[in-house]
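Enquirer: Residue strings, one per chain:
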Amino acid sequence: MKKGHTSQLTKLIILSLFGTISMVLLFLNFPLPFLPPYLKVDFGEVPTLLAALIFSPMAGVIVQLIKNLLYLALSGAADPVGVLANFIAGVTFVVPIAMIYHKYKGQKSLISGLVVGTIVMTIAMGVLNYYVLLPIYSVFMGFEQLTPSVLLSTIFVGVVPFNLIKGAIVSVLFVPLFIKLKPWIQQKQASIKLSA
Amino acid sequence: MASSLIIGQYVPADSVVHRLDPRTKIMMIFTFVIIVFFANNAPSYLWLTVFSLGAATLTKIKPRFLLKGLKPVWFLIVFTFLLHLFVTREGDVLTTLLGFPVYTGALIQGFQISLRFFLLILVTSLLTLTTTPIEITDAIETLLHPLKKIKFPVHELALMMSISLRFIPTLMQETEKISKAQASRGVDFKTGPLKERIQAVVPLLVPLFVSAFKRAEELAMAMEARGYRGGEGRTRLRELAIVSRDYIAFCLFFIVIAGLFVLRG
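Which chain is which? The protein sequence lines are A and E, in order.
Per our numbering, the very first residue in the first sequence carries number 1; after that it's consecutive.
Per our numbering, the very first residue in the second sequence carries number 197; after that it's consecutive.
Derived from the structure by calculation, the hints contain no laboratory data.
A couple of the hints might just be wrong.
[Stated by the list, open to error] Computed footprint of chain E on chain A; a stretch qualifies when at least three of its residues, placed anywhere within it, have a C-beta under 8 Å from a C-beta of chain E: (1) 83 to 92; (2) 102 to 115; (3) 123 to 136.
[To be verified] The list that follows gives simulated cross-link-like pairs (lysine-lysine, BS3-like), each with its CA atoms no further than 30 Å apart: (4) A:K180 <-> E:K347; (5) E:K376 <-> A:K105; (6) A:K188 <-> E:K267.
[To be verified] Over 10 Å on every C-beta distance to chain E, these chain A residues come out as not near it, computed from the model: (7) L69; (8) L70; (9) S75; (10) L152; (11) V160.
Built from N, CA and C at the ideal position, the CB exists for glycine as well.
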C-alpha cells in the first residue's frame, strides 16, 4: 500500500509539471496569418496530450485544468470566457485521441485519433460558440441582438478554420515527438505499473 | 520574461488592499463582475467608477502599472466605442463623421459600454496586482473546500497548483537553456517552411519532458521522506484569517451594491 502511495504522488507531481510546461509553451505562441489576432495557436495542448496517452484521458483533463487555473492565477480574470473556451477545446481534443489510442494502441491509431480529435474539437467549439461563447461576448460588448446568420458566418470564417489549423499544427508536432518518446514512455509506464 | 512570470502581475506595496485576505478580494471581485451589468444610467455608472478608482487608489500602486495591465485591452475598448458610434441609431443626429450620421444615443451607449469594459478590466486586474499567485491558490483551496463533500480532490488540486507555480521559473530557465543548446547544434527555430519550424520544437520538448519526469520522481521521494501523506491533518506555512479589516471591506462593498440599486433607473 505504501508503495502505491509513492507512485500516486509521483503521478500527481508529473501532471503538475506537465501543466507548468504547458504554461511555458503558451508563451511560444504565434498568431496565424489570415486569422483575427485574438485566435492564437500555441503548443499548450502537447503536454496535455502526452499525459493523456501515458496515463489516461482523465490525466489529460487534469493537466488542461491545471494549465488554465495557472493562467487565471497569473493573468487575472480579465478574460474568464476565453479561459473556459480553451479548457473545453483542450478536453474535446484530447479525450477522443486518448480513448482511441488506449483502445487500439500503435501509431495508426494515434494518427486516426488526432484526426478524430481535431474534428470533435472543431464541432464542439462551433456549437459552443454558437450557443454560449459568442452570446456571452456579445453581452460583454453590448450587442444584445446578434442574428443567427452573423453568428454562423463568424463561426465558419473564424472558429472552424482556426480549430482545424490548431489541430493540424499540434498533430504535425506531436507525431514525431511521440515516435521519439515512445520507447521511453513504455519504460516509464512499466516502472509506474510495477511500483503501483 | 522569466522573472515576470514568477510573480505574474503582482506589484508589491504596503497597502490595505494588499493586506486584505485573498478570499475577501476574490469574492468581492466576483460579485463586482456581476453587478457591473446592473448599472444602466449616468449616476449608477458614476457610482461604480468612483468605487473602482477609489479601490485602485487604495492599492498605492502607481497608475503606470495599472495602465500597463490595461494595455492589451485599450484597442478593444476604443473599438467597442467606435462600433457603437457608427452602428447604433437612437436619439437625434448630432453631427456627421466621415459621412456617417452620429446619433446622441450612440454616443451615450458607446460611452457606457466602453466604461463598463474599462471598469471590469480595472477591477479584475486589481486582484492579480495586489495578490501573489500562491495566495490566490490558497484562497481557491479554501473557497473550494465545500466541494470535498462530493469527493472533489480539493487538496490535491491545490498541491498541484502550488507545485506548478513553483516550477514555472525553473522550467522556463530550462527551456531557454535547451533551446540555446539546440540552436548551437544548428536547430533553426525561426526560419524555413511552417512544417519544419513546428517540428523544430521536437528536440526542445523531448529533454523537457524527460527531465520533468526525473524531477517528479525526486520531489516525490523528498516529500515522502519528510512524511508527506496527503491532505488529512496537514498544517500550513501560511494561514489565512478573516480579520476586522475584511469585515470593514465587506460592509463598504455592501454599501456600494446597495447604492447601485438605489441609483439605477
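Enquirer: Far enough from chain E: is every CB of that chain over 10 Å from the CB of L70 of chain A?
Expert: violated (6 Å)
Enquirer: Confirm or reject: L152 of chain A is not an interface residue toward chain E, with every Cβ-Cβ distance exceeding 10 Å.
Expert: holds (19 Å)
Enquirer: Are there three or more residues in the region 83 to 92 of chain A whose C-beta lies within less than 8 Å of some C-beta in chain E?
Expert: With 0 residues in contact (Cβ-Cβ under 8 Å with chain E), the coverage given for the region 83 to 92 of chain A is violated.
Enquirer: Compare the distance between the alpha carbons of K180 of chain A and K347 of chain E with 30 Å, and conclude whether the hinted pair is satisfied.
Expert: Roughly 38 Å between the alpha carbons, so the hint for K180 of chain A and K347 of chain E is violated.
Enquirer: Check whether three or more residues of the region 102 to 115 of chain A sit with their beta carbon closer than 8 Å to a beta carbon of chain E.
Expert: Violated - the region 102 to 115 of chain A has 0 residues with a Cβ nearer than 8 Å to chain E, which falls short of three.
Enquirer: Run the distance test for K188 of chain A versus K267 of chain E: straight-line Cα separation, threshold 30 Å.
Expert: The given pair, whose Cα atoms are some 45 Å apart, is violated under the 30 Å limit.
Enquirer: At least three residues with a C-beta closer than 8 Å to a C-beta of chain E: is that true for the region 123 to 136 of chain A?
Expert: violated (count 0)
Enquirer: K376 of chain E and K105 of chain A were given as a pair; does the straight-line alpha-carbon distance stay at or below 30 Å?
Expert: violated (35 Å)
Enquirer: Does S75 of chain A clear chain E by more than 10 Å, comparing its Cβ with all Cβ atoms of that chain?
Expert: It is violated; S75 of chain A is separated from chain E by about 7 Å at its closest Cβ, not greater than 10 Å.
Enquirer: Is L69 of chain A truly not at the interface, in the sense that its beta carbon sits beyond 10 Å from all beta carbons of chain E?
Expert: It is violated; L69 of chain A is separated from chain E by about 6 Å at its closest Cβ, not greater than 10 Å.
Enquirer: Can we trust that V160 of chain A is non-interface, i.e. its beta-carbon lies farther than 10 Å from all of chain E?
Expert: holds (20 Å)
Checked against the numbered hints above, the structure violates hints 1, 2, 3, 4, 5, 6, 7, 8, 9; every other hint is satisfied.
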